[in-house]
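Position chain B relative to chain A; hints supplied.
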Amino acid sequence: ILNVEQSPQSLHVQEGDSTNFTCSFPSSNFYALHWYRWETAKSPEALFVMTLNGDEKKKGRISATLNTKEGYSYLYIKGSQPEDSATYLCAFTPSSNTGKLIFGQGTTLQVKP
Amino acid sequence: ETGVTQTPRHLVMGMTNKKSLKCEQHLGHNAMYWYKQSAKKPLELMFVYSLEERVENNSVPSRFSPECPNSSHLFLHLHTLQPEDSALYLCASSQGYSRANQPQHFGDGTRLSIL
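Quick note, the sequences are listed as chains A and B, same order.
The opening position of the first sequence corresponds to residue 1 in my numbering, with each subsequent residue numbered one higher.
The opening position of the second sequence corresponds to residue 1 in my numbering, with each subsequent residue numbered one higher.
So that you can see chain A by itself, here it is in the shape it has in the complex (with noise of 0.2 Å):
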């Protein structure tokens, strides 16, 4: 079976503070890992598609890095704002099947002002 675990389930920041969050995957038979960005009432937005060792992806205040040969990605976040208010998805490809995204519960993030 095939597990992406993502903490942690649900955090509380204060506008201005920088926060991370990780998503785990299996190490081995990995392909792809993504990351999406969901408010509630909209749809699940793509931010970034990772694929090799190392990886490291930004865009704007967000970023995110990639470490295959342990199972993990960090999704940074620096000077959260309100807007910044969503939940965020990791999902993982395995190379057995490139067509498969398996998601994680999410990381839901609420920004006060």
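These are calculated hints, taken from the structure and not from any lab test.
The beta carbon of each residue, even a glycine, is placed where N, CA and C say it ideally should be.
No false leads were slipped in.
Anything over 10 Å on all C-beta distances counts as not near chain A; from chain B, calculated:
(1) Lys18
(2) Ser62
(3) Pro83
Only pairs whose alpha carbons sit at most 20 Å apart, straight line, appear in this in silico SDA-like list of lysine to any residue:
(4) A:Lys112 x A:Trp38
(5) A:Lys42 x B:Thr5
(6) B:Lys40 x A:Asn3
(7) B:Lys41 x B:Ala87
(8) B:Lys40 x A:Thr40
(9) A:Lys100 x B:Arg99
(10) A:Lys69 x A:Glu5
Using the frame of chain A, we list chain B on its own:
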């Protein structure tokens, strides 16, 4: 026009009803997906179509019947559903199946409630 459009946004139906969910993508993608999200569970893949052929059926009960008449449209036909089928159903598309180095693009979902 948004990339992936789902209708209806909300649906309430009885267990004996027949209804359909519709998904349309305007991105020129070749692969389309149905996902289910139940309360407090991760997004769960149900079906995948690539170039209008079903390539993945994730042990989904036969009361859910997908249809992909062309690469832009995807339907999920519902019949004799159970209360535990109440969930958010999301449609997604991507450039190609087996190209997981490309992101999937999601619709807003249909919130389904079974009475």
